[in-house]
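Residues 1051 to 1970 (our numbering) make up the first sequence, in order.
Just so you know, these hints were derived from the structure itself, not from any lab.
It cannot be assumed that every hint is accurate.
Claimed, not checked - Heads up, simulated DSBU-like pairs for lysine-lysine below, C-alpha to C-alpha not over 30 Å straight-line: (1) 1365 x 1484; (2) 1183 x 1796; (3) 1183 x 1166.
Every value quoted in this text rests on a predicted model; they were computed, and no experiment measured them.
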Amino acid sequence: MAMDKTFDAGRAEARIYAEWEAGGAFRAGANASRPETFCIMIPPPNVTGSLHMGHAFNNTLQDILIRWHRMRGFDTLWQPGQDHAGIATQMVVERELAKAGNRSRREMGREKFLEKVWEWKAQSGGTIIGQLKRLGASCDWSRNAFTMSGAPGAPAGEQGNFHDAVIRVFVELYNKGCIYRGKRLVNWDPHFETAISDLEVEQIEQDGHMWRLRYPLAEGATWDRPVEWDDEGNPTRTEPCDYLVVATTRPETMLGDTGVAVHPDDPRYRHLIGKHVVLPLVGRRIPVVADDYADPEKGTGAVKMTPAHDFNDWKVGERHGLRPVNVMTTRAAMFLKDNSDFLADAQVSQEALALDGLDRYEARKRIVELAGEQGWLDGIDADRHMVPHGDRSKVAIEPYLTDQWFVDTAKIVGPAIDAVREGRTKILPEQHEKVYFHWLENIEPWCISRQLWWGHQIPVWYDEDGNHYCAATEAEAQAMAPGRSLTRDPDVLDTWFSSGLWPIGTLGWPENTPELQKYFPTDVLVTGFDIIFFWVARMMMMQLAVVEREPFHTVYVHPLVRDEKGKKMSKSLGNVIDPLELIDEYGADAVRFTMTAMAAMGRDLKLSSQRVAGYRNFGTKLWNAARFAEMNGVWEGHATRAAPPAPEATVNRWIIGETGRVREEVDAALAAYRFNDAANGLYAFVWGKVCDWYVEFAKPLLADPATAAETRATMAWVLDQCMILLHPIMPFVTEELWGLTGQRAKGLIHADWPDYGAELADPGAEREMRWVIGLIEEIRSARAQMRVPAGLKLPVVGVALDAAARAAWAGNEALILRLARLDGMTEGAAPKGAMTVAVEGASFAIPLEGVVDLAAETERLERSLAKLEKDLGGLRGRLSNPKFVASAPEEIVAETRETLERGEAEAAKLRGALARLAAG
RNA sequence: GGGCGCGUAGCUCAGUGGUAGAGCACUACGUUGACAUCGUAGGGGUCACAGGUUCGAACCCUGUCGCGCCCACCA
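Produce the entire structure from the sequences given, and follow the hints as far as they go.
Here it is as structure tokens:
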């Protein structure tokens, strides 16, 4: 076996992954004999989705937790799957169909269209699975779930029956009175022609206009309208006015106005309360009502009320008995001709208005035109304001009055709040708990019906009289309504209603499956903050409502991956970094390690490819350490061993202790979800300790027959530990090395996670190594400062060594000579023209006369001395402060004292060296 | 309007009371048999600003400035 110079990630990753899969490494139950279980539910990506950075990050963290627990012997399940993503998928498939020149969804009909969606799913729904595999995600793919599995029309091969669980929950919640049907104002998406929930609305700031309209006062009423103002905007002159002025950004809604609101204390209008205005065009007499909602500061202080097309107006309307009058159809066009609500009041002929059937924006123009012509347009102001948009369709949504199904969230929210408040479920970082509480404590009813086709059809049937029957099947519904002719509600459920059941649904509920018993409640949910409301809160509410248990004990909310400049990655900005391209270029391990190292809790991470390159080099570094070992016969006859060897050489004892330390560090970091600490700790250990020092120290030891064998054993063990500890973060390169470097009973993915710790530390060895490393660093530093040619070996004179220093030197002479590039030591007085370096309990003089520029060195020493003196001054000041000595913890005081003593000794040596240099 | 977070080296960021850290970038030297995807050494920071608490503050409190995000807001 001869190892290649580097790890060829591009070639090896697919092979390694295939081996894991073929060996059933990801299967739940692989550790079935163990009592502890560990389960993570993947946040199911949209079946339309492809892997973006957010997924890559999110799934890397999950995979780390999963691999870590698997190696620790937990019976581990990482449940994968995809979400059917109602609107998103319907949109994608419609677009695809249009591209292929097919008939539209409507022409095609529901059944045929759904067939097409399933076809599409079969064809390209697995894309993201392949991409997750490239990342190294060790999900149990044999259990892959889908939120629409088992739905009518699902192809035979589709495993699972998520549909039944969803329907069953709907029926249960309905029967408990937690789901109801109601005619309410909803966010209507005119593009998809469906209701959407509050959460699916996003506010976008847009330039627009504010139109001021005049509504004539009835009963001969007037008010004093200001016509002149002073510099501060206070009115200086008023004139009696026989109309009210209302301002609106949507003038077309005026046809549905059924009131005008003013503030009860507004002196301008107080006398008008209870009087009426006559709505232009329609002639409807509508009341002036007093309501705190009307803000005297805004607009004209009088605000038109359109309860059927505005959420605030709806509330005001309820308080004052203002009737909602719908003036738009589902397509957001005017419909007046057949609108009985509207016709009841209309006193103008529809033809004269010429509004019927107009799109809302056309209608807006027409209304403004009419207002101008008829003299009730008071003015137009430019206005920039927020306009609600459908988050998928990107069109302005229209509040619209329809019959919809709602979850009465107020009834099921309590346990979800309590679970977090009482710590049964923890949200990390904690700051997110506040947001969670705030949302849940102010929760609104959840509109769950969607006028779409792709989704779980609502299990409700209507009879001829409009009575409804909720049941799991049509037969059951029919049994509830004997002899009546039933039609099923055509609407489907909000996608999030089904994904809200992801934890129990994927585990086979309502059957009490072994998986459900074993893995539920699951352990940790790893997710981004953007779906805390959409998904996390709903899972909490729904699991608690249905099975009365929290779905997970921890929610780890990870930060957002942004681009190098800190901008959110988005297609429209064109700043999207494709994780697959990064994987192609640097390998999955490098991408994973980068994200892990940057995953500090609660802070967004800015990703740059340069950083990824750096961590790719880290993998190479480990690879080369193993390669060095191979060249030195370290792996010959090596077999996995759990316990560390018991070597005699200081260096070997030292590195074993360091390994124990890093293992504890990694475990503590992962247990606290401090992924970055785990990654950075390992990086510092592998590169900074093992490669920089241990491998270098090992070179002379391997050459010496007295220490070669134990050094080979130690190095093999230490490198094994590096592979094991790094495996959760860098699974591919470590697995490859594992296979190349010894007799292995099982793959690294199954290797036993170590449980040694600080007890491996050997204080004597550590002290000695600290001394040796300190000395070498001092000498190197001095050599570099003095520009001693790197190839030139120098002698060194030990000056006044104490016994410990002499012993440390004697025990490590070969190491020191080699790494400090010295050619031998004598003891005695420092010669003239020598530079002195100080380490604990010893000082060494390096004769430099004739070798280098002594004047420059003098300068350096003086600088060091000055800096040292400054630091020492601070320390002396602190120690001479009685309050510090009295109130600081003892160990801090002791530490300060030691630091001062060491510093003073060093300063003395520097002074000595300076004196000698001056003499020379 | 309400809430949350951030401001530390040129850049990206760690660091939750005890003399400021990493990676990258930069400078100098170096191909010494694991690694140039490398090694050694070095320069570089009044921790946004102002107050306060404390023996001691990057860290805790108050305020100011700057940046980001979430929620609400279609008069």
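Against the structure, the hints come out as follows:
1. 1365 x 1484: OK: residue 1365 and residue 1484 at ~27 Å, within 30 Å.
2. 1183 x 1796: Given pair residue 1183, residue 1796 holds - Cα atoms ~21 Å apart, limit 30 Å.
3. 1183 x 1166: holds (27 Å)
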